[in-house]
Structures are given as C-alpha cells and as structure tokens.
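Enquirer: Spelled out, the chains give:
2 protein chains.
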Amino acid sequence: MRNLQQKLSVARGEQPAELLFKNARVVNVLSGEIYKTNVAVEDGRIIGLGDYRAKRTIDLKGAYLAPSLIDGHFHVESSMLTAPEFARAVVPHGTGAMVIDPHEYANVLGLDGIRYILESTKNLPLDFFIMLPSCVPATHLETAGARLTADDLKLMIADERVAGVAELMNFPGVFLGAKSELAKIKIGKGKAIDGHAPGLRGKNLNAYVLAGVGSDHESVGVGEAREKLRLGLHILLREGSTERNLEHLIPLINAHNSQNCSFATDDKLAGDLVNEGHIDHCVRKAIKLGLPPITALQIATINPARHYRLHNLGAIAPRFWADFIVFDGLKNFQVRQTYKKGVLVAENGKFPGKLPAKISLPRSTMNLHYAPKNFIVKASGKKKIRVIEIIPQQIITKAISVAPKIENGEVIADTARDLLKMVVIERHRATGNVGVGFVRGFKLKTGAIASTVAHDAHNVIVAGTNDADILFAIQELERLQGGQVAVASGKVKAALPLPIAGLVTDQPLPKAMKLIDDLNAAAHALGCDLAAPFMTLSFLALSPIPSLKLTDQGLIDATKLQKTSLFL
Amino acid sequence: MRNLQQKLSVARGEQPAELLFKNARVVNVLSGEIYKTNVAVEDGRIIGLGDYRAKRTIDLKGAYLAPSLIDGHFHVESSMLTAPEFARAVVPHGTGAMVIDPHEYANVLGLDGIRYILESTKNLPLDFFIMLPSCVPATHLETAGARLTADDLKLMIADERVAGVAELMNFPGVFLGAKSELAKIKIGKGKAIDGHAPGLRGKNLNAYVLAGVGSDHESVGVGEAREKLRLGLHILLREGSTERNLEHLIPLINAHNSQNCSFATDDKLAGDLVNEGHIDHCVRKAIKLGLPPITALQIATINPARHYRLHNLGAIAPRFWADFIVFDGLKNFQVRQTYKKGVLVAENGKFPGKLPAKISLPRSTMNLHYAPKNFIVKASGKKKIRVIEIIPQQIITKAISVAPKIENGEVIADTARDLLKMVVIERHRATGNVGVGFVRGFKLKTGAIASTVAHDAHNVIVAGTNDADILFAIQELERLQGGQVAVASGKVKAALPLPIAGLVTDQPLPKAMKLIDDLNAAAHALGCDLAAPFMTLSFLALSPIPSLKLTDQGLIDATKLQKTSLFL
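Sequence order for the protein chains is A and B.
Going by the numbering used here, the first sequence opens with residue 1, and the numbers climb by one from there.
Going by the numbering used here, the second sequence opens with residue 1, and the numbers climb by one from there.
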C-alpha cells in the first residue's frame, strides 16, 4: 500500500501506475460527458485520467467504462441469500454498492441482526451501507423478536458504514409528531433519513418532510412523485420483483431535476436478480423508455452516492475507488465486466470473485411454545366469519365475510370454497401467542404451506387444508430451525431451510435458486396458482397494510390498526 | 418560538400559519419547475407549500418567488466594508448567504481575525459561512501578522458556521505532497475543501484533486474549466470586479453537469456591488448569455448550498429557512424584495433592515518601526535597475530593466520616465523590515499614494515621486491606524481611514463609497490614469504572483519565488 505522497507522485506521472485502463470510452457522470481517455489506478483508487504509464494495462479497445452501479434502497433479506451469495448474484450485473435496510434481520434479532449484517458484509466485492431500521416492530399488533428505540439506534449510528436512519414507515407517527419517531430522526442528524410514505400527499406530506425525512421510494405515479420531489424528497425510482414503478415515474425526470433521483429495488428475489438483473435492469429500462443514457447512469451512480454520502463512490475521477463496469453499447446496455477497486470481479455473467470461505451465522431464532389445541376454532353460533382475501401481486388484502364450514362444532377449512385455515405462532420469545383465521386465494386442494418469513415480525405462518398438515408443517419448520415448506398428508413435498434468522438460506446461489423453484413447484402441485405462493403468504401477517391481516395476536383490521374478531 | 410538534400541527393545517406568501410563482430549484402556489412560514421556516390558512398574508400577485442567492466564494475584505455594511450593499440584490474566506483578516490578525469575522457576522439579515484560510502567510517572502498551521485551523474547524478549508493557493505544495498542505486538507474532512489553481492542467491537476481538493474558482476558459469539472472539482463561476470569467465559462454548462457549478465573486468593490449587483448580476448575465433561467437560479442557490453543506438554505421546501427573493421577470432579472427568515429586509434597492447598533472592532494592528534613512537607495555604480511594470487591470506585473536616475549618489524617482519609488514597511511586529524598489505605470506627477491594504501580508505600501511625501504618507497611515491616502507636498489630498485591521472602513456604506471615490479622484488628480490606483498598488506586494513584486523583505522574483536585487 502506498501512502498519499507516493500516490501523488504516481498522479504527477513521475512513476508508472500499478494499472491503466486504456482506450476507455469513459462515462463521466460529473461533467455529463462520454469521451475517450485512459484511467490510471493505484491501490484500488483512481489516481488520474489521461495519458499515464503503467506496469499493467487493460486495453478496453473503445468499450464504455462507467462507475459501478448503486442500489439506493434494498432489503437484502428479500433475496433470501446471505450477503456473499447476494454479491454473487448482482456483481455480474455491475452492482458496486448497496444501501440496505436490514429491517427483517432487526425484527428477528434486534441490534444483533444489524451487527450480523455489518459483519457478514465485510470483505466482499460489493460495498454495503446500512440504514438503521426505524420501525421494529412494525406495529403493536404483532410480536417481533425485538423492539428498537431511538436510544438503541444511537448505539450504532456513528459506525462509518451506517448511512443513516431507514425508511420511517410509521409515517402517520412522523407527521403527527410522535416523540418516538422524531427522536429516531434526530439521531440521524448529518446522515440520510429515509422515508416511506405510500400515497401521502398535501399537508400531511408537508408535515412529514418538515419533520426531517429526506427521501421516498413509494411513489407509484408521476403526480405523487412530483409532489414529493417539489417538497425536497430524494426520489428513489423503485423497480423490484413485484413493485415496478419505473415506467410510471420516468416522465417525472427532466434536465433540471434528475440529480434528485436514484434507482432502488426495495425487494427482489434471487431468481429475478440473476435472470432479469439488478440496477443494470433499471438503467436498461430507463434508456429504453427514453431517458438520455448519461442521465440514467447518473441516477444509477453519483446521485445515490451523493444522497447517502458514500464518499469516493459513484464517479470516475481522482480519489474515487476504481469501481467500474465495462459495457459495449448504450442502446442495449449489458454489463460485460465488473471491477472492484481495480480488480476484475465478474465477467460475462460469471462471478470469478472470491467470497469468504466460512458463512457466519447469527444465533438460533426458533423459540416456539404452543399447544395444537389452540389451533381449534369452536363454532360460536354466529353465521359469518371474517376471511382474508388475497389480491394477486399485491400486499394489500380484501376483508370478506363468508359462512363458516362447521364439523363437530369446529370451524374448519373448506377447499371447495377455497377457504384455508391460517395459523400464526410467535416464534421469538415462546410467548405462546397463536393467531388463527381463514384465507381465500391459495387454492390448495390438500396439505399446507408454511414459512418463518412473515412480514414484519417473522413469526411462523401457515395456511392449510387440515389441522394435521398445519401441525406437521410447523413441526417441520421447528426441526429446520426456520424455513419454508410445502407438506401434504404428513409428508414434506419440498423444503427450503432458512437457518439464518429463519429468513435466509445458508446455501450457495445456484442451490438456493433450485430449492426456491422446487418449493414453488410443490405449492403449485398442491393446487396453488399464485405466481409466488410463499411471498404472498409472507405478507398476510403484515399488520400496517390494509385490509385484513393475521398476526400472533389474532385477526387485525389493518385499516383501523386494531384487533378484530373472527366472527361477525 | 414554536417547537417542532407545534410546527407540524401548522404544517398539517390544524392551525393557521404565522405568514403566507400567496399567489407566488415559485421557482422550485429541487423539481426544476416554476409554478404557482402559496408558501406558509412559521418562525422563519417554510412549513408547507399549498393551500394554507395564515394570520398574515403577503399577496405576491403572480410575482416570482425564489430562494435567496448565495455567493460560493468571496473575500469580504475586498469590499472594504464591515460585514453589516456589506449586508446593506448586497441584501437589496437578493443575497441571502455568503461563503467567505477571511484571508485578509487572517493575514493581519491570525485566528483573532477569524474570530472577529465570526463575531461581526452574527445577527445580520445575511448568513455568513467561513472557510478557514489555508495560506497565511502567502509565502515565506513576505511578513504577515500571523502564521496559521493545520494545528491552528483545527481549533476552529468544528464551529458550525465553519464550512471547511479555504482555497489552497499553494497548489504546487498540494500536488507535490507538502506535509503542511496535506495536513490542512486532512483537518477539513467531512467539510468542503476549496481549491485555487489558476491554469493547472494535466497530471499535476490530477494530483491536486487526488490530494483532496474539491473546488476551483480560477478557470478563465472553458477548456480549463471542463478539465477541472471532469476530475470532480465543483466549478465556481467567478464574476468579480476585475476577474470576469462568467461569459467565457457559460459554454461549459449543460443539462447534465450544471449541478456541479456555483457562482462566486471572489473580490468585488463596494461601488460595483451597489451599482452593478452581486450574485443577481451573475444570474442576469447568465440568462442573457443563454442559460435556462431555472438553471441559472439553481447555480445561484441550491448548488452552493449543497456543495458547502449549508443546511436548510437554497430551496423553497418544508424545513428550509424562509429566505426569499421576489422578482417580476426572468428575462430582465431584477430583485424587487428580499426576505430573511420571512422578514422583509430589502425592497426596491432600499435596505430597511436593522443592523447592529455598535460596530465591533478588533485590536489595533499598526505596529511599525522604521528609520527613514532606510528608504534611501545608494547608487551602486551598476547601469541598470529592475523595475516593476504595471499591467493595467491585471495582478501580474512585468519585470523591466531601466537606467536609474541618480542625484547626490542616490537612486531617485523620475516622473519624466514614470518611475516612482516604492517602499514596503512591515507593520505587524515592528521588525523594521523595509523593502525599497521602483515601479512604472502609476504616472503620478507629484506626491505619493499609500495603503495598508497590500496583499497578502498587508504591510504598508507606498509609491511616490519623492522621499518627503513617501514619509508623510507613511506617517499619515500610522496616525489613521491604517488606511489609504493620497498626499502631495506635505498635504493630505484624500484619506480613507481603515481602522479595522488596516483593511476595512468603520463607515456606513454611503460614506464609505464617497471616501473611496474621493480617494481615487485625488490619485487621478496627482496624475494617475489607472482605473483603480489603490487596488493596483495593493497587489504589487503579492509575492506568489508573477513577475516582479516588492515586499517588506525586498524585491521578489515571483516567478522563481526568491528574492532578487534592485541592481542588475
């Protein structure tokens, strides 16, 4: 490693540089130009642009050289991959840095979850910057593994890889001035404060911004996004597995405001990352939708770097890290090579980069205490029950009321009418909390599906056609110490073990993708026709999202944010 | 004063706001739009945009409302005004915030000079942010009142009104890796680091940037500016009294890079500020030169605010200060009203704003020790002397050699050939240092002119036609405790007392302008035909600027940065 004075000598051209990227068509996101030059690198840092001598030369033969891409907002748990395996998925797509909200880990493991992600993201060919989760638990209506207050977040805010406070999802709490929420904003002073305010407009949006929030990634239309941009929010253009807002937001962007926008994926499945791409997909799509390529690449690089104060990332200039992508055309933008600190870490979709040999694991998180008799629903004599109706591809649900099917004085599932029984069991502190309800939309004809991924508290959630399979699925998840299973008639049809916090697999990327595919296939074989049965299942416990949800505390009227009864 | 929770209630519309700017055509520098809306203000802060109720309403009747203007780099001493009187000059032109380098005060008073400027800029209708002077003294070839090292700067860097480290004028020291200069950059970590690198290009420029410099205001042409922008420097488009680079730099700016540019004036005289304008002049000129008005206004507001991290300045959005300008047209941009924290502080060129009643003064700074016999230059027998030749309107000089005029064995001034005698006397520590030389270009026929403003060390500098008037001028400056005088035949023709560090007048703006005009008129009456005789005089001691200069240490070959002899 050379000290700064030695590097300056290299920059002055007195000594040859370690490495030179020659004949590059440099995408200069600072001057807004693309032009041919050479880029000299020393100790992983850019030391100069121009005509340098070097010990080693990489001749790009006129290919484009741009800064590596940056995701402005992501929950890495949504890929169900460890950070190293996530890197294996996205580095070939040109991703160089991630701003992540380890919100799911924090709901299960508290500060230990944040420490785990800080630890497990070290020494990777991909930089991770952490936003401290601000909404753990999501509401008082679900029992998470932890509760994080402003005082807790304060313990970690000074870490140099902590870029700020993560999405303030309790947006009414913020605009109404709840002390707990304002305190979380306060500790983030001098760092970024992320927002999350779906549909918030008008005066309450003004109050939300006034309170100190600095970004939003929830806009689904240009009117909403423009209002947020006008009030000073940095707009994260979201394009994930299910939430796909980019096409609708592109008309927002013009020559005078693009500096206030970044790309984000929020949640994206491993298979989608591998097959469709990551931020490169956003760039490709934005260019196809008519954005000038230089603007698309600024939105993917320097804009998030500046907003989140990721120093020395996001541009090709002296002092910046030599984090590069190489590609051959702007019209059909495809990353051919990815460099991290001057080292080739991916090429032609392959990932030759080294990953840490050992996968670190956090503590075990399955701590259940339940009595199967509590799954029984006695008939009450009332004529109707409240049932959760799934809306395919959405995380909101409908609340419907139907006549219960009753046998031996108990309300049971009714596959003829697609009414499955659901059970949610608290799994963090062995409270014995059990919520029981009914759901329509899975269309299972037999068996049950179950998961320890269940937003946001990530308790055990099961939907099944009969109590025996429901119990069997729960026992199987306990045995696996977290995961997702499809069972029928006392047999495991497919299982995805998620030993890391019950959220993430310890398997390498190809094996993980195979397990996920097999699991979905098994659910489909049981009769389900949803595109992503387990993702749908995982959102049925999310208490702040309308209309009807089931948590370990029971059936939740999520519109009124209060408990409700099964029987009407 | 309302607390945040009360302000949130106003933002939500539950209570009327204190003040509403109604029917405004808001220049939204964040969304890059101009559109009609209302802006609600509480306790000097913007709390919401939209349809608000208020206790008091200002109906703008469709006039434009933009954020107040910001100067990205200025030496307030160049106006020779105190900070309050400077505010009186520029606030009617719409200036709301200044990033200043109190470099002249620091050369005279050291850290006390910086403390003085921090103190004297409080409670004004204009915000001042301070960059810590990095080049005191300018070189080892002049004796300033102080020497500031990185350790000294460290004592003040944490002040919240300190925005970083000021222009690193010793640019060779920086790109060559001098420890003293790298140390100054290091203490500015997390704040802005300003550069100053006239004409620096190529590899040495790469090294200068690599060392940590973040801006430059010295580009005079688009090629130089583009190279600096490409390497990551924030470009300050300078338009001062004499250095006028804006017209030449406008072609640099396009839709993809304007966010990396700000306006700056660097040095501007009181009269020019009042008559021509300040940053409003830059906006006006930029629009006339073809820049989109929204871009010109972004360059004048949000861009410097972001670069220098001036939180809550430079935009009209919730949480920002209600620092506004009102104007009636974009094509002929003229500021009609200026508001500071919601209060009208200037209107139609008038300044009804209140200024602090008492002007604070730093300690006295005139500490001379000299013997008039040291002004005598004995003939040496050599045939030629080195003479400084003034180049009008420039701070560089020419070195010429001429035959000396000799009387009674002494070299004396020769008005027939426009050769005046010059004397520089150290005035800070009574060292007794005296430099004597000769200058061509002032064209005085009689008398002498003298100044305690003499860049950068600000010693006493005199140019005169005879030794008696030279001595009289020095005595007069001593009596005034700093200033500028024109004398002839033992009489004061005009005097501008500068009791504040020998740099700045304690007089109110109109009186100061009158004194300055009278002083220049007196110099012209003595025969001088330069536009600004005293400004020219003040740069003749600036040792780092080519070619030949005179300091208290003697004649300086500024190209080689070493002393030289009078006789060839």
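Certain hints may be false.
If several chains are the same, the list does not tell them apart, and a pair holds so long as it fits within one copy or across any two.
DSS-like, lysine-lysine: derived pairs with alpha carbons at most 30 Å apart [to be verified]:
#, residue 1, residue 2
1, Lys354, Lys61
2, Lys288, Lys445
3, Lys511, Lys382
4, Lys179, Lys55
5, Lys383, Lys122
6, Lys55, Lys445
7, Lys511, Lys341
8, Lys405, Lys203
9, Lys203, Lys341
10, Lys398, Lys358
Everything labelled a hint here was simulated from the structure, so no lab data went into it.
Note that the structure is predicted; figures quoted are calculated from it, not measured.
Enquirer: Does each hint fit the structure? Answer for all of them.
Expert: Checked hints:
1. Lys354 / Lys61: Within. Shortest intra-copy distance 27 Å satisfies the 30 Å Cα cut-off; inter-copy 65 Å does not.
2. Lys288 / Lys445: Cα proximity of lysine 288 and lysine 445: none, with 43 Å in one copy and 74 Å across.
3. Lys511 / Lys382: neither (49 Å within a copy, 92 Å between copies)
4. Lys179 / Lys55: Between copies only: 27 Å across chains, 59 Å inside a chain, cut-off 30 Å.
5. Lys383 / Lys122: neither (57 Å within a copy, 74 Å between copies)
6. Lys55 / Lys445: For lysine 55 and lysine 445, neither the intra-copy (67 Å) nor the inter-copy (65 Å) Cα distance is at most 30 Å.
7. Lys511 / Lys341: Only inside one copy: lysine 511 and lysine 341 sit 29 Å apart there, 60 Å across copies, limit 30 Å.
8. Lys405 / Lys203: neither (47 Å within a copy, 81 Å between copies)
9. Lys203 / Lys341: between (46 Å within a copy, 21 Å between copies)
10. Lys398 / Lys358: Classified as neither; 45 Å inside a copy, 70 Å across copies.
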